[in-house]
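Number of protein chains: 4
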Amino acid sequence: MNFTYSEKVEYLQKEIQDFMERYVYPNEQTYKEQLNNQGGRFSSIPPIMEELKKKAREKGLWNLFLPESDLGSGLTNLEYAPLCEIMGRSAIAPEVFNCNAPDTGNMEVLVRYGSEEHKKRWLKPLLEGEIRSAFCMTEPDIASSDATNIQADIREDGNEYIINGRKWWSSGAGDPRCEILIFMGKTNPDAPKHEQQSIILVPMNTPGIQVERMLPVFGYDDAPHGHAEITFENVRVPKENILLGEGKGFAIAQGRLGPGRIHHCMRTIGAAERALEILCERVDSRVTFGKTLAEQGVIQEWIADSRIEIEQARLLVLKAADMMDKVGNKVAKKEIAMIKVVAPNIALKVLDRAIQALGAAGVSEDFPLANSFAGIRTLRLADGPDEVHRRSIARLELKEQRTKRKQEVL
Amino acid sequence: MNFTYSEKVEYLQKEIQDFMERYVYPNEQTYKEQLNNQGGRFSSIPPIMEELKKKAREKGLWNLFLPESDLGSGLTNLEYAPLCEIMGRSAIAPEVFNCNAPDTGNMEVLVRYGSEEHKKRWLKPLLEGEIRSAFCMTEPDIASSDATNIQADIREDGNEYIINGRKWWSSGAGDPRCEILIFMGKTNPDAPKHEQQSIILVPMNTPGIQVERMLPVFGYDDAPHGHAEITFENVRVPKENILLGEGKGFAIAQGRLGPGRIHHCMRTIGAAERALEILCERVDSRVTFGKTLAEQGVIQEWIADSRIEIEQARLLVLKAADMMDKVGNKVAKKEIAMIKVVAPNIALKVLDRAIQALGAAGVSEDFPLANSFAGIRTLRLADGPDEVHRRSIARLELKEQRTKRKQEVL
Amino acid sequence: MNFTYSEKVEYLQKEIQDFMERYVYPNEQTYKEQLNNQGGRFSSIPPIMEELKKKAREKGLWNLFLPESDLGSGLTNLEYAPLCEIMGRSAIAPEVFNCNAPDTGNMEVLVRYGSEEHKKRWLKPLLEGEIRSAFCMTEPDIASSDATNIQADIREDGNEYIINGRKWWSSGAGDPRCEILIFMGKTNPDAPKHEQQSIILVPMNTPGIQVERMLPVFGYDDAPHGHAEITFENVRVPKENILLGEGKGFAIAQGRLGPGRIHHCMRTIGAAERALEILCERVDSRVTFGKTLAEQGVIQEWIADSRIEIEQARLLVLKAADMMDKVGNKVAKKEIAMIKVVAPNIALKVLDRAIQALGAAGVSEDFPLANSFAGIRTLRLADGPDEVHRRSIARLELKEQRTKRKQEVL
Amino acid sequence: MNFTYSEKVEYLQKEIQDFMERYVYPNEQTYKEQLNNQGGRFSSIPPIMEELKKKAREKGLWNLFLPESDLGSGLTNLEYAPLCEIMGRSAIAPEVFNCNAPDTGNMEVLVRYGSEEHKKRWLKPLLEGEIRSAFCMTEPDIASSDATNIQADIREDGNEYIINGRKWWSSGAGDPRCEILIFMGKTNPDAPKHEQQSIILVPMNTPGIQVERMLPVFGYDDAPHGHAEITFENVRVPKENILLGEGKGFAIAQGRLGPGRIHHCMRTIGAAERALEILCERVDSRVTFGKTLAEQGVIQEWIADSRIEIEQARLLVLKAADMMDKVGNKVAKKEIAMIKVVAPNIALKVLDRAIQALGAAGVSEDFPLANSFAGIRTLRLADGPDEVHRRSIARLELKEQRTKRKQEVL
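Residue numbers (the working numbering), protein chains in the order written: chain A, 1 to 410; chain B, 1 to 410; chain C, 1 to 410; chain D, 1 to 410.
In short, the hints are calculated from the structure, not lab data.
Since we're looking at a predicted model, the values are computed, not measured.
Mixed in with the good hints, there may be bad ones.
Pairs count within a copy or across copies, as identical chains cannot be separated in the list.
The list that follows gives simulated cross-link-like pairs (lysine-lysine, DSS-like), each with its CA atoms no further than 30 Å apart [to be verified]: (1) K59 - K124; (2) K349 - K333; (3) K8 - K326; (4) K55 - K399; (5) K248 - K8; (6) K8 - K333; (7) K404 - K54; (8) K32 - K326; (9) K193 - K239; (10) K32 - K8; (11) K54 - K326; (12) K291 - K124; (13) K330 - K8; (14) K193 - K8; (15) K291 - K404; (16) K326 - K406; (17) K404 - K55; (18) K406 - K120; (19) K326 - K14; (20) K14 - K59; (21) K193 - K291.
Use the sequences and the hints to build the structure in full.
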């Protein structure tokens, strides 16, 4: 047990912080302006992004995720967590370091389950930051929080699979560079409940794919990546595009979602930390009823509670990451579920307090608070809603307690 | 003490409900489409709005606010509350009945404090629904929650006042029909704290007025009304445009905000009620883990808590309205402050549960939930943040308790 | 709709308040001392109680509950509510006015379902305040929150019923004056679920009844009434002691619990109100960090939230009472369930804040706060735990919403 | 950074767990019975306690606190934390291992600031478990949460100090073995605010000391240790009994409270963990509405939230302990304040859920829940109320943020 970061981590934290202060924060507004002034919001990528990516790569701050693979930079989850947190402070930062969702999760899938051909065609350019990807799981017509409800149809036909279905909230699919979809559907509706689903790789330009609309999140379109509603009508892909084989979809999804979830949580801690900073800076300068806001008890309570909540959530992220490194994602399932509930919920509290402390400025575009709130509110639904994670935690807990009681009896 | 609505109110509730079902709900989408397809979002008003207004007026469902004035329809606050609640169920409804913010509050100001000339020029067309108005109070550079901080300058110059300053969150000022601004600024920085401010009428087309930008709320622009940031540079208006005289601004603002606040609360109850309806309908149809969501304990708890919170908030709105009718807005100050804290906070809880129950659909444009959340979140800041109202309530409570203790001693 | 108390109610409020100030509050300590100094805590009743009862009866402040019966004082539930609230301010007050639990609920049962003989033998002396009673429902070995779990056995045997079982939390059974138990058990385990139970009158001195122990609530014994664990071994009572007939137990219990629940809620509001008074008085006199506690923002927030919560809960009690009067206890079921959840929960919040504001004094015997907390915490379990009431509310709400949706379709 | 306990800690955890299961839990009831059956509750110590202490000492499980002193067992705070947690699972356990409050805190004071004579006379027998001690700080007439309010008078008189004042909540002073009081009072009311107080050792049997009463906590007397209200009337002690010299009281108190606070928090985690175990066991066996409570969504949510809250609080305790070891109690001040707020608050939530899940059994003496609740509720007031700790955290946070902002500007 030891709560000090290693020297390696402290060095990288400093590197990334410096990079953020020098290159990222000052260009957040540039990015926004380039996005607004290019033709359409989903038609191209603000040029500043490619410049920043180049810089980050030159500094070796690139693909810092990917533990257990020599394609990454050799960091463990525990080492990556505090770095990912810093990236989470800015909406544009994760992509700058090629550590953004859903690409990191998708790359992890390709590393683990992709064939050599898949890796060459999609993993390599993803790792290079040349193309982007999306994960197509959620469907509009069913409660997708129970993944066994998934209805999209994947049917064998000679050397191909034919895909039919409607997906939405395929995040990143609006990106003009998005070339590959990781698609979940049913190959065998008659198999046991958790073996009906398969995951298959679908190139974005396959005929039959139609992006119907980009979905807004609390009024934000999250361009240029966006959240797409997509119809698949007789979309044909070669048989070898299926990952691991028919019926393995559920297992792969669970594997994919572990790292994906914890990355989200790490970034969320960073967003909360930035919100608290914004709050603290503001309350030092504004005065009501004869005192700065910083001197007022209610505001002080917000600050104390925010610091307490962030600190605890960070420790839980780190512990979950440490467990993933030591005992594997599967055994760390309960801890991952716990942090997936905690991180967005406390971040929303901190953001809400920051918004309240800033007054109307807080809900505007002048600060990242409202946008951050919208994204993190959505995270309480994405990758499993709070309620499904709480259910898992409780069932694991009850099981462990039963085992313990039995042992005591013996 | 009696908790049954009068026959008159029940009749009007039914009338408005019928109108909503027949004309308003089915046209919400039409309104959105017309808004998107006209040139710019702030350049004109979707034609369906004028059609609906005409219909509402024909049915006598027009200007239902305005107690104590023969210009309204003779309803008390207590009678108006349950009707206003129904209007609050749809973002476009209040304007249909000419009962929308900030025009109702502004009309109340003109009724009470406007000269005959003011009434003829601005009140009459407002009551006819021909022009719109805005209230310019909040400023970007100070904590406007303490109104004594207001910095905008109103200086006498011969027969005119010259106005300089920067205002933001002037809601409704984006509306192409907006013709009159009710403006708060300082006429005398050396007067006692609550007599420095004045309120003055400023026609929108006066030279020196510049709308700098329309502010988004979360990602919503709330077009075509919008929230404007406006600079006033040597804006000249005739001396008679000042209301009640120099130094009366604070008193007028307090008077204006009483009814304005409670109207917001009434509408907010309606928005919460609609969210609960949407939730209940959805959970009856979606299935996870072998049961409809409606059968699951956690969801049932959300429904029960929502019903409890809405019911209590409605009772408090009604009580506050009854007090406004019986003892006046000033004596009802504590009750108004109480409901101003309660209504948005419980509505946000209900909306949050509805969003969670709907999954990602809840944050999209397919349901009014996220948009409603953004607006009501902002209401926790508008017309005084929660904290300022809580402070008032506590100080009034402490004062009452002191009086009571003294009486007991005697 | 009208939020003003009637003149009659205002008169009675004043009468009871005066009585409380003159006779009850000054004797709370006397009661405690007499209780501590008599031989055992469950062996006799502090003499001051009988003196106070006599005084209350002389002033006509007696049996104010009992709407719809000429044995009471002719008050409706709506009229009784604000009076019962005042009584709830002191732990000893309800009995002074012969309006204490569980006797009021038990008297209601006897009024409705008792035979002339039952009334003569038990109702009359209860109304006179001469004897006391208990309600025996909860059992230690099953989850009593689902009343169909009740296991106690009531078996016919000639002209008698033989009763066997173990009950606990039979409140009031420790009182030396307790002469009658209203007992719930199963007469027919094979009948439909809600027709297996019966309710039968069991005189306290019947052979086979054994009080095993008095249960503490937190560390309080609530002497001299107390909460008893009682075994019944072959206890024989005449057949005519059964109320309404075999299988009617569930229905009677539901009927009994409606008024019982709302009385508890009324009193709970009073306890919360007194806690807020104590808090307000204390914070005016204590100083930390250079200011009175009353001037500190966090304390002001507690006061404001307490006032808001009490006010809303009171309105909901009053509305539920009004519905009981107008449409009957059965139709008012949802409102009764709502207030049963709300009242104890908000009172606990107010009490918790008061305790926190008082510091360690708050958990001691020097103030009624901790004792009140313990009792009201238990109310979240008694007469149905929160969760069962929330479940009922949700199911009623879902049903109403379904009906409404169907009507809209037509 | 590393979240695995060391082998040494794991070994000791197992040793203490075994001891608890073999000797402590089975004797909790014995202790209670011996206490009830001896003459008075404050007159002697249940004999089982001395037997258990002997056993613990034999096994080397004795004085495990006391880092940085060769009088202890050489454990760091980080090593002690998980052991102290286990002791916190039972109300009688801490004393068994001679690790109970307030003696541990008092022993730390004597180790650091006591003279050789003090150590010989009081520290040695405390370490042997032969005598007990109390800390006299809180006073009834002032808000003791602001320690500068302390009024007790310590006046020099020749070779002695004369002490006058009234203290309450002197925990442990009811213990018949209590021989030494660590007393805080004012030696110089005219000195700077934080140098007016001194701490002085007062033998319990000094003339002029009068225990006025033992204060109950939610009805519990916490015998035989108890919480005393004590008057000091012209109590004379030798001058050398003052610790560190006049005016050092505030500094010593701060130093004492750091370890004292974190020990309380460690134990509180253990109490919460035990409550969750009791909850989990119970919900597996009770059935309502056709399902075990364990299968019901609302109960599962309680379990999940409890596990999440406990896990996070434990991590924060451990981190604070690690900081105390590495950078000292003073630099770890913010972390200690954070855990002092968190631990009791989450434990109360867990306890409240356990009580609710158990029904009325939860508030009785059949389970340790209500008693634990009362003690931990009081911990939100003891050693600084939540609000004072939140205030410290916020002020430290604001200060750090200001420093950071300045550095960024440079």
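Same-copy or cross-copy closeness of K59 to K124 [CA-CA at most 30 Å]: For K59 and K124, only the intra-copy Cα distance (20 Å) is at most 30 Å; the inter-copy one is 61 Å.
Intra/inter-copy verdict for K193 and K239 if alpha-carbon distance must be at most 30 Å: within (23 Å within a copy, 57 Å between copies)
Status of K8 relative to K193 across identical chains (alpha carbons, at most 30 Å): This pair counts as neither: shortest intra-copy Cα distance 45 Å, inter-copy 45 Å.
Identical-chain pair category, K406 with K120, by Cα at 30 Å: For K406 and K120, neither the intra-copy (51 Å) nor the inter-copy (48 Å) Cα distance is at most 30 Å.
Up to 30 Å CA-CA - K54 versus K404, copy category: Between copies only: 29 Å across, 53 Å inside.
30 Å Cα threshold - placement of K59 relative to K14: The answer is within: 12 Å in one copy meets 30 Å, while 48 Å across copies does not.
Within, between, both or neither: K55, K399 at alpha-carbon 30 Å: neither (49 Å within a copy, 34 Å between copies)
Copy assignment of K32 with K8, given that the CA separation must stay at most 30 Å: neither (34 Å within a copy, 54 Å between copies)
Within, between, both or neither, where K330 and K8 count as close if Cα-Cα is 30 Å or less: both (27 Å within a copy, 28 Å between copies)
Intra- versus inter-subunit Cα pairing at 30 Å for K291 with K404: Between copies, since 23 Å is at most 30 Å while 55 Å is not.
Intra- versus inter-copy proximity for K8 and K248 (alpha-carbon distance at most 30 Å): Result: close neither inside a copy nor across copies, 38 Å intra and 43 Å inter.
Intra- versus inter-subunit Cα pairing at 30 Å for K404 with K55: between (53 Å within a copy, 26 Å between copies)
Violated hints, in rising order: 4, 5, 8, 10, 11, 12, 14, 18; the structure is consistent with all others.
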